[in-house]
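A.B. asks: Terminal number for the sequence shown in UniProt numbering: 102, no gaps in between.
What the hints contain is simulated information worked out from the structure, not anything from laboratory work.
No false leads were mixed into what you were given.
With a straight-line cut-off of 30 Å between C-alpha atoms, the simulated DSSO-like cross-links for lysine-lysine are:
id	residue 1	residue 2
1	K59	K33
2	K33	K19
3	K99	K33
4	K19	K59
5	K99	K59
6	K99	K19
In this text, all values refer to a predicted model and were calculated from it rather than measured experimentally.
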Amino acid sequence: MAQITFITSDNETITLEGKSGSVMALAVDHGIKGIDGDCGGVCSCATCHVHVAPEDMSKTGSASQIEADMLELDDNVNEFSRLCCQLEISDSLDGIVLKVAN
Numbered sequence: 001m002a003q004i005t006f007i008t009s010d011n012e013t014i015t016l017e018g019k020s021g022s023v024m025a026l027a028v029d030h031g032i033k034g035i036d037g038d039c040g041g042v043c044s045c046a047t048c049h050v051h052v053a054p055e056d057m058s059k060t061g062s063a064s065q066i067e068a069d070m071l072e073l074d075d076n077v078n079e080f081s082r083l084c085c086q087l088e089i090s091d092s093l094d095g096i097v098l099k100v101a102n
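Work the whole structure out from these sequences, hints included.
C.D. replies: As structure tokens, then:
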């Protein structure tokens with residue numbers, strides 16, 4: 001079980017617990033504002049763009065080339081950008097903080 005904290009564009013902090021699946025699905029299931037997941041998690045829309053807290057980047061691993069290419073289409077990309085559809089819930093993500101980018 002992993003605790004994942006989302007910070008919305010309104011600076012609302014919401015912490016959720018997840019056992020499995022994608023971080024995007026967890027966010028969508030709980031109505032996290034700004035995480036739409038329009039493509040259903042197949043890395044083709046960037047509507048689940050988040051900025052990972054700098055201290056948590058080591059928890060996520062590197063983005064795939066497909067994810068990096070998709071992120072290039074978003075105006076709000078930085079070195080901490082990830083698509084949360086590409087982050088699978090695991091114990092290694094416990095305590096991660098994600099700021100919604102959209």
